[in-house]
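J.: Listed below are the residues making up each chain.
Number of protein chains: 2
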Amino acid sequence: MSSTRPDRDPSRTNVAILGMGTVGAGVARLLIDHGDRTARHAGKTIWLSKAVVRDLNKPRGIDLPEGILTDSIDEVLEDPEIDVVIQLMGGLSPAREVMLRAMEAGKDIVTANKALLAEHGGELFTRARQLGRSIAFEAAVAGGVPIIANVSQCLSANQILSLEGILNGTSNFIVSQMDEKGAGYDETVKVAQDLGYAEADPAMDVDGTDAAQKLAILSHLAFGATVDWRDIPRSGIDGLDPADLRYASQLGYRIKLLAIARLVDGELELSVGPTLVRKGTPMAEVRDAYNAIRVVGDAVGPVFYHGLGAGQMPTASAVVADVIDMAVGRTPITFQTLEYFSEDRPARAVQRDVAKLRGRYYLRLHVANHPGTLAAITGVLAEHKISIASVMQHEEHEDAASAHKGTTNGDFVPLVIMTHEASEGAAAAATEAIAALESVDGTAVRMPVRG
Amino acid sequence: MSSTRPDRDPSRTNVAILGMGTVGAGVARLLIDHGDRTARHAGKTIWLSKAVVRDLNKPRGIDLPEGILTDSIDEVLEDPEIDVVIQLMGGLSPAREVMLRAMEAGKDIVTANKALLAEHGGELFTRARQLGRSIAFEAAVAGGVPIIANVSQCLSANQILSLEGILNGTSNFIVSQMDEKGAGYDETVKVAQDLGYAEADPAMDVDGTDAAQKLAILSHLAFGATVDWRDIPRSGIDGLDPADLRYASQLGYRIKLLAIARLVDGELELSVGPTLVRKGTPMAEVRDAYNAIRVVGDAVGPVFYHGLGAGQMPTASAVVADVIDMAVGRTPITFQTLEYFSEDRPARAVQRDVAKLRGRYYLRLHVANHPGTLAAITGVLAEHKISIASVMQHEEHEDAASAHKGTTNGDFVPLVIMTHEASEGAAAAATEAIAALESVDGTAVRMPVRG
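Keeping their order, the protein sequence lines are chains R and G. Going by the UniProt record's numbering, the first residue of the first sequence is number 1, and it counts up by one from there. Going by the UniProt record's numbering, the first residue of the second sequence is number 1, and it counts up by one from there.
Since the hints were made in silico from the structure, they are not lab data. Some clues are possibly wrong.
Copies of one chain are not kept apart here, so a pair can be met inside one copy or by any two copies together.
What the hints assert, rightly or not - Using 25 Å as the maximum straight-line C-alpha spacing, the simulated SDA-like pairs for lysine to any residue come out as follows:
(1) 44 x 130
(2) 44 x 347
(3) 181 x 199
(4) 44 x 127
(5) 279 x 249
(6) 279 x 451
(7) 190 x 179
(8) 44 x 332
(9) 44 x 69
(10) 44 x 298
(11) 44 x 132
(12) 279 x 450
(13) 44 x 161
(14) 58 x 72
(15) 356 x 224
(16) 279 x 180
(17) 190 x 177
(18) 58 x 77
(19) 279 x 177
This one's a predicted model, so the numbers in the text were calculated from it and none came from an experiment.
Next up, chain R with everything else stripped away, as it sits in the complex (with noise of 0.2 Å):
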């Protein structure tokens, strides 16, 4: 499509980027270089008008039309004809009072910055009610992979029973990483930084919290659930141990970043950590910076979704489907009927006490080679009530070794051992209880099992 700008048509929507980095490039070219496409989607021409940066002279490898970039928000807070912000915006602060303004000046908004809804939620989807705007947010999680729009219009003859997923592409890259070459987390890091898929400061998506923040918005949309993402148990990948892959690995399992919310007794389990997931599952096989989710609904059973969770064009892609659903009028329906991020409605499911937590678990202890360590341990999770699936106790190798420099020494073993459905707080205190024994070095792996 040509990027002459066209006669003023009253059934044009015309749009705002705030923030042109990598997303905000992707975005203006979907919209300049696409726009046949997204007029023939949305019934109507769809128009960039403004994008808003900080640093005008920076090159962002895409040629913008004259008279688009600009470097004050206030032209696009009070251009009337500008109908939708696309915010791009990263960071709490001042990306949710220019929210806030953008709404109060009439505009809908389409956002891709899921840390301030999960964050800010609330408040945000309170006021722009209260103004009879709209918010869109397919980007916020798991990028290309339309999961929100799923989630709340696709399945919505369903009660979501669990949905579970790889919520974080840098995770899984490393993870897979170490996986497939053996190769140890610190030196993953920086093969994954080398190659774009890690940030600089990566502790956000390798500690939990991105996960944890995705899992929290996904559960208001499918469970009616209102979550602190903070409250949500979690554990990151930062750390793991080459070695628990490969014990894995020779039990049938992969190790993944799973964030899993789970209906149970009209309760919801909620956690995010480092999971063992059977191989031969498609969840087990998703590789790279691949984002993947499982939702299970009461009517449609399983359904699978598998796609990017990040990248310039597929969040783009996100972006640009919910500028189209806004402009051709589905976002405001939708915005006003369903019940997320409701400060004033009562939650439909409680988060259930992480102690109640059921599942089995994985448990790497570098134990005493000498008689009566065994017992020692079986006895402690006799007496938490946890029986024992399977033993695995290996001869001293290498890498369990450096795992434990300065911890170990020549009389101690790793010991694995895959326990049956234990409560979560059984199995903590049972843990504890190991890592005190005399026989017992260093600090007790512990992991979930799924499948």
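Dock chain G against chain R, hints included.
T.: Just chain G now, kept in the frame of chain R:
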């Protein structure tokens, strides 16, 4: 929710079901037992007013409130309070006439009748537009997997580049069972029939017709193409030889009934047939009666969907999602802005000549075990400019022999050839020429290879 009829509410949507078979009973169950759920998602009550059946006395496994069941279609068509007709009658006639009459009576349509859309989609959709009515048909393709909404809405920022899938659950069940158990085709069909995965006459499922009809519908949506399903080159899994599953497995592949649509140089390649899919890819691991679809968009990259393609509640899930979208007002918007099944607009992509399709091929021949045979065969391939990727010659064994009863003797052995990329035209001509060689016995088996 109570099934007591609420006071007349102008914001209520009244629906009627035509056809109370398995899916109809499932839809009624969701609407009656889960009215709170549908009301929450639609922002209004969705009320089942009538259910039309041929035989009022047939047991249906569901207790309908008094006054709902009727054997009169006119009672529905003449009731001005019924807004949406859920068309679950099978076959083409009178389903077509009833749908036209219902739209003329001012009712919107939700249907699962894929054959009707594949056959009369152009007429029905054009008429709906003339009358200002809408047709929703999520359940017509891939059952519970919401592929219609995903292709037409969620991925709307993309030019879809390709779409391939396992769209027929019956075929996939049969092929998976044959693969896992090493069983023959005929006995596996009987197992599928006993388990309810195949109808008494499974012809439309196993011969590729059903998948071709679904692919035609998806091609409208994804590519703006006007496709007559009869023009899609297709073959089925009927008569699939277990030997081919075994050889494919040895080569690292599984055989799946794959429906493929792919843009090549602006033209649309379409095909349905048994295809070798590389093991370890998500598509190869789709088992039992599951459906799966892999969509590649130019922005989003590959997105993979996997779920139950048939069955009472998965299909009902899709139907009720459509009813909610209709009630809430999303479907009318989508229907008016998208141009699918539009008789008066030019197709955006035309179907590519089948002879121009390109791909790699698997050939299985039964050849004379004497010098010169391989030279003759490879000579024919060379004449057609087809180069060979690998050759596998096995000693005669029981299965292969039994598959060629009456045409073989001890001097003939199976020969499997994998080619490099070639055109369908060249591959077909070469295969015909090879089958005519004196040293080749019986019909040559040829299948495309993916991944």
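J.: Checking against the hints above, which ones are violated?
T.: none
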